[in-house]
Amino acid sequence: MASRTRQKEEARQRRLVEEQAQAERARRTRRLQMLGGVVLAAVAVIAVAIAISSSGSSSPKATPAAFKSAASKVDSQLSGIPQSGVTLGSPSAKVTVTEYGDLQCPICRDFALGAGGQLVSGEIKQGKAKLVYKSLETATGNSPNPNIFPTQQAAANAAGAQQKAWNYILTFYNSQGQEGTAYVNQNFLDGIAKSIPGLNFSAWQTASADPKYTQQVQSDQQTAAGHGYNSTPTLVISGPKGQAQPIVGNTDYGTLQSAIKSVS
Amino acid sequence: MASVRLRRVMIVLTVIGLAVATYLTVVHYVGFSALACTGGHGGHSSCQTVQSSQWSKLAGVPVALIGLIGYVAILGSLLFRDREETRLATLGFTTIGFGFSAYLTYREAASIHAYCEWCLSSAVILTILFGCAIARFLIGSPQTPDHLLNDDGPSPESEPEETVVSRA
Numbered sequence: 284m285a286s287r288t289r290q291k292e293e294a295r296q297r298r299l300v301e302e303q304a305q306a307e308r309a310r311r312t313r314r315l316q317m318l319g320g321v322v323l324a325a326v327a328v329i330a331v332a333i334a335i336s337s338s339g340s341s342s343p344k345a346t347p348a349a350f351k352s353a354a355s356k357v358d359s360q361l362s363g364i365p366q367s368g369v370t371l372g373s374p375s376a377k378v379t380v381t382e383y384g385d386l387q388c389p390i391c392r393d394f395a396l397g398a399g400g401q402l403v404s405g406e407i408k409q410g411k412a413k414l415v416y417k418s419l420e421t422a423t424g425n426s427p428n429p430n431i432f433p434t435q436q437a438a439a440n441a442a443g444a445q446q447k448a449w450n451y452i453l454t455f456y457n458s459q460g461q462e463g464t465a466y467v468n469q470n471f472l473d474g475i476a477k478s479i480p481g482l483n484f485s486a487w488q489t490a491s492a493d494p495k496y497t498q499q500v501q502s503d504q505q506t507a508a509g510h511g512y513n514s515t516p517t518l519v520i521s522g523p524k525g526q527a528q529p530i531v532g533n534t535d536y537g538t539l540q541s542a543i544k545s546v547s
Numbered sequence: 004m005a006s007v008r009l010r011r012v013m014i015v016l017t018v019i020g021l022a023v024a025t026y027l028t029v030v031h032y033v034g035f036s037a038l039a040c041t042g043g044h045g046g047h048s049s050c051q052t053v054q055s056s057q058w059s060k061l062a063g064v065p066v067a068l069i070g071l072i073g074y075v076a077i078l079g080s081l082l083f084r085d086r087e088e089t090r091l092a093t094l095g096f097t098t099i100g101f102g103f104s105a106y107l108t109y110r111e112a113a114s115i116h117a118y119c120e121w122c123l124s125s126a127v128i129l130t131i132l133f134g135c136a137i138a139r140f141l142i143g144s145p146q147t148p149d150h151l152l153n154d155d156g157p158s159p160e161s162e163p164e165e166t167v168v169s170r171a
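Chains D and H are the protein sequences, given in the same order. Per our numbering, residue 284 is the first one in the first sequence, and the count goes up by one each step. Per our numbering, residue 4 is the first one in the second sequence, and the count goes up by one each step.
To be clear, the hints were calculated from the coordinates, so they are not data collected in a lab. There could be a bad hint or two in this list.
[Unchecked claim] Rough simulated footprint, nothing fancy, chain D against chain H, three-plus residues with beta-carbon under 8 angstroms: (1) 55-64; (2) 89-95; (3) 115-125.
[To be verified] Heads up, simulated DSS-like pairs for lysine-lysine below, C-alpha to C-alpha not over 30 angstroms straight-line: (4) H:K60 x D:K351; (5) D:K356 x H:K60; (6) D:K524 x D:K411.
[To be verified] Pair by pair, the computed Cβ-Cβ distance ranges are: (7) H:A113 x D:V328: 17 to 27 angstroms; (8) H:G143 x D:S541: 52 to 62 angstroms; (9) D:N468 x H:A138: 46 to 56 angstroms; (10) D:S362 x H:F83: 48 to 58 angstroms; (11) H:I19 x D:G368: 48 to 58 angstroms; (12) H:G143 x D:N428: 53 to 63 angstroms; (13) H:T89 x D:L323: 12 to 22 angstroms; (14) D:R313 x H:A22: 31 to 41 angstroms; (15) H:A62 x D:G368: 33 to 43 angstroms; (16) D:G405 x H:T25: 28 to 38 angstroms; (17) H:A62 x D:E301: 51 to 61 angstroms; (18) D:A306 x H:V7: 21 to 31 angstroms; (19) H:T25 x D:V328: 14 to 24 angstroms; (20) D:P427 x H:I131: 30 to 40 angstroms.
Treat the numbers as computed from the prediction; the structure is a model and nothing was measured. Backbone N, C-alpha and C define an ideal beta-carbon position, used for all residues, glycine too.
Work out the full structure, taking the sequences as your base and the hints as a guide.
Written as structure tokens, this is what we have:
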């Protein structure tokens, strides 16, 4: 009798141990399935994010259609504002905002598309201030082809011979590629010039070859070095009451307005 | 106990990551000239170069803001009651964060050729969080709730009650 009871107890124990082992296996399997499922879902999310991110990395900005679209937008923005050489705005405006820039500099682009654009639509259009562009090599120096700097800056200066320098500058900023890559070449520079409404391309080509424009770039660089400017954009604001502290880097429109007011 | 310690370490790391992401998001909207950065690149800071690059936004949304939202999600999953599901959610969020920050770090090295210390610190934090999340999920809690693995649903008496608030 006692033996039967012990046998039953042993069988019960064996069954319990087996059940526990089965439960443990099931638990482990389910945990691994959950882990696999979450990792797969996470990988899918990452893949979608990378696909979206990478789709923006190919540069559709350097196509004739993209140049034309950017140039047309800039032309509307600058409509009705006088230009003379590299100066945008009324020559009699009391305040002068001088921007030291590099056309490949992404911070200059951010400024041009942000506070700079507001400045153009505001004080420049109203005749309260004028905007002057000067060249200072920064980002282009880190590109695979730093020697393009005088050519690209002179291309903008040469457009100034037809009172279109700021059309060229802003279309360039709107068409900028990734910093540190070799997206700027003669085709890129020609593409911008061809897209600017009212710019005579062959006259611009002739002017671009004129050494006076590359000399102007060198002169700008020497002026910047003389003042100790080494970042772009550097904004120098001067007026009847003197000169404000130069603004280095991107800034907001309110800061620009305050600086203009302080020298007006 | 290892799971509890891991969780606390992860909360601290997530709060640091959240602070970094918040700072970068604020700077994005205030202006990059306010960005504190030691590296120089092309006449401006290397952080500005990275933050102004085309990879600094995803479908028009700043990646700093996406990172901020991610850290909030990770923190939420860590502060919620310690259960298998919440550990799994933490693992999911940290996997996404780790994967995408690894991709962005690759872009910094291969495409932008500049590094942002803030972004790198976030990438390191997410890497550690990812490792911790895997370990925490595999270790389980000291009172691994078997009932959660059955289809019967939880039984209140066996549910672990450890929360950050109760341990504080």
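Now for the hints, and whether the structure bears them out:
1. 55-64: Holds, because 7 residues of the segment 55-64 of chain H bring their Cβ atoms closer than 8 angstroms to Cβ atoms of chain D.
2. 89-95: Coverage by chain D holds for the segment 89-95 of chain H (3 residues, Cβ < 8 angstroms).
3. 115-125: Since 3 is at least three, the answer is holds.
4. H:K60 x D:K351: OK: K60 of chain H and K351 of chain D at ~25 angstroms, within 30 angstroms.
5. D:K356 x H:K60: 23 angstroms, holds
6. D:K524 x D:K411: Since the Cα atoms of K524 of chain D and K411 of chain D sit roughly 14 angstroms apart, the hinted pair holds (cutoff 30 angstroms).
7. H:A113 x D:V328: 17 to 27 angstroms: Cβ of A113 of chain H to Cβ of V328 of chain D: about 22 angstroms, so the range 17 to 27 angstroms holds.
8. H:G143 x D:S541: 52 to 62 angstroms: 59 angstroms, holds
9. D:N468 x H:A138: 46 to 56 angstroms: 51 angstroms, holds
10. D:S362 x H:F83: 48 to 58 angstroms: Distance hint for S362 of chain D, F83 of chain H holds at roughly 57 angstroms.
11. H:I19 x D:G368: 48 to 58 angstroms: 52 angstroms, holds
12. H:G143 x D:N428: 53 to 63 angstroms: Cβ of G143 of chain H to Cβ of N428 of chain D: about 57 angstroms, so the range 53 to 63 angstroms holds.
13. H:T89 x D:L323: 12 to 22 angstroms: 19 angstroms, holds
14. D:R313 x H:A22: 31 to 41 angstroms: Hint holds: Cβ distance 37 angstroms, inside 31 to 41 angstroms.
15. H:A62 x D:G368: 33 to 43 angstroms: Holds, since A62 of chain H and G368 of chain D (Cβ atoms, about 40 angstroms apart) stay within the stated range.
16. D:G405 x H:T25: 28 to 38 angstroms: At 32 angstroms between Cβs, range holds.
17. H:A62 x D:E301: 51 to 61 angstroms: 54 angstroms, holds
18. D:A306 x H:V7: 21 to 31 angstroms: 24 angstroms, holds
19. H:T25 x D:V328: 14 to 24 angstroms: 22 angstroms, holds
20. D:P427 x H:I131: 30 to 40 angstroms: Between P427 of chain D and I131 of chain H, where Cβ atoms are some 36 angstroms apart, the hint holds.
Checked against the numbered hints given earlier, this structure breaks none of them.
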